[in-house]
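Work the whole structure out from these sequences, hints included.
One line per chain: the protein sequences are A and B, in this order.
The first sequence begins at 77 in this note's numbering and counts up one residue at a time.
The second sequence begins at 77 in this note's numbering and counts up one residue at a time.
If you want the ones that stay clear, here's a sample from chain B, every Cβ over 10 Å from chain A, calculated:
id	residue
1	TRP97
2	THR101
3	GLU103
4	THR106
5	ASP111
6	GLU140
7	THR143
8	SER188
9	THR223
10	ALA224
11	GLN254
12	GLY267
Covered stretches of chain B, as calculated for chain A (at least 3 residues, CB under 8 Å):
id	segment
13	89-96
14	158-165
15	205-211
Note that these hints are calculated values from the structure, not bench results.
By construction, the Cβ of each residue, glycine as well, lies at the ideal position given by its N, Cα and C atoms.
2 protein chains.
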Amino acid sequence: MAESRVMSDARETVLITWPEWIPETVEFGTRYETDDDRMRLAIELSRQNVVRGTGGPFGAAIFEHSTGALISVGVNSVVRLNNSALHAEMLAIMMAQHRLGSYTLAASSSASYDLVSSCDPCAMCLGAVLWSGVHRLVTGADRDDATALSFEEGPVFPQSYTYLQERGVAITRGVLRQEAAAVLELYRRQGGQIYNA
Amino acid sequence: MAESRVMSDARETVLITWPEWIPETVEFGTRYETDDDRMRLAIELSRQNVVRGTGGPFGAAIFEHSTGALISVGVNSVVRLNNSALHAEMLAIMMAQHRLGSYTLAASSSASYDLVSSCDPCAMCLGAVLWSGVHRLVTGADRDDATALSFEEGPVFPQSYTYLQERGVAITRGVLRQEAAAVLELYRRQGGQIYNA
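This is the structure:
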């Protein structure tokens, strides 16, 4: 009885992990001074995810706003982990909250956090940004770049961004857009799976 | 070295589980014939989550559409698991995909799935519904019921629902709304935490 209960519990636990190459590639605590520096990391994560075959062409990272210290990263993990919710931003947010031991990144009076994503977030991720407690969202490629690849963004409208801004989330879009979009194109050339199509 | 690597990996794994009372309370495979039957389960999950003190007043369940067989459930787990993404719908979707071993619930040619939620989904969950592969969304309480409790829904607009419908997701709202809203009121009376405020 006890044994079957343990087996049952193990079967009913969803494990969310980074691809193996993340801890070897990323140094947490490193400071990324500018938005361009931070975006270059998000784009490099998206590129590595394609090159290493671990998922879709999307990367994200969370930094302490003022120091630029790297707190968390994410890459698209939908196919790798059989979980449609695991877009890059979602993995970065979950890992940040796991590492900080809090369900909100807005709990500290001394630190605030930036989420930097290689692409404009989909509807799910834009909602998740609001609940995550990050105070700033920085994006690279845009909706048109993603839809050119047949990746859908879902029900995101101009007023979706306004809604976040009115609730205190600063938003900067189009940082290193060309470099970010180049990874989407790389994925397309490689014949990568469009799991949302 | 090997040992520190294992410790590092364990620290960097997010474990997503149900509260302990779920497997004791729910019988997977049981058939729930009607929308009312299915909603009663989602509402009962929301109520148990409040009464047992394991989270916010929201429950969700996924059923095979034609047979009504129960596939997965979710309850709000934001505070319990320190994870702002773990709304009831997200947990139900992740567990369903985990159990079926697929990142989409639209993979089967013979089965389609209904997600039944005790409350209208927030912006994150509405986006997640689209990516999950469920073909139908059924909701109980509405945005006004939730905001009366200071729970925010985020950037959801009438055209958000239209967007999903145009992509093949059937939507039925307001099923047993009063019963569903009563659990929100129970949570308020108990002084439950409004973690999104």
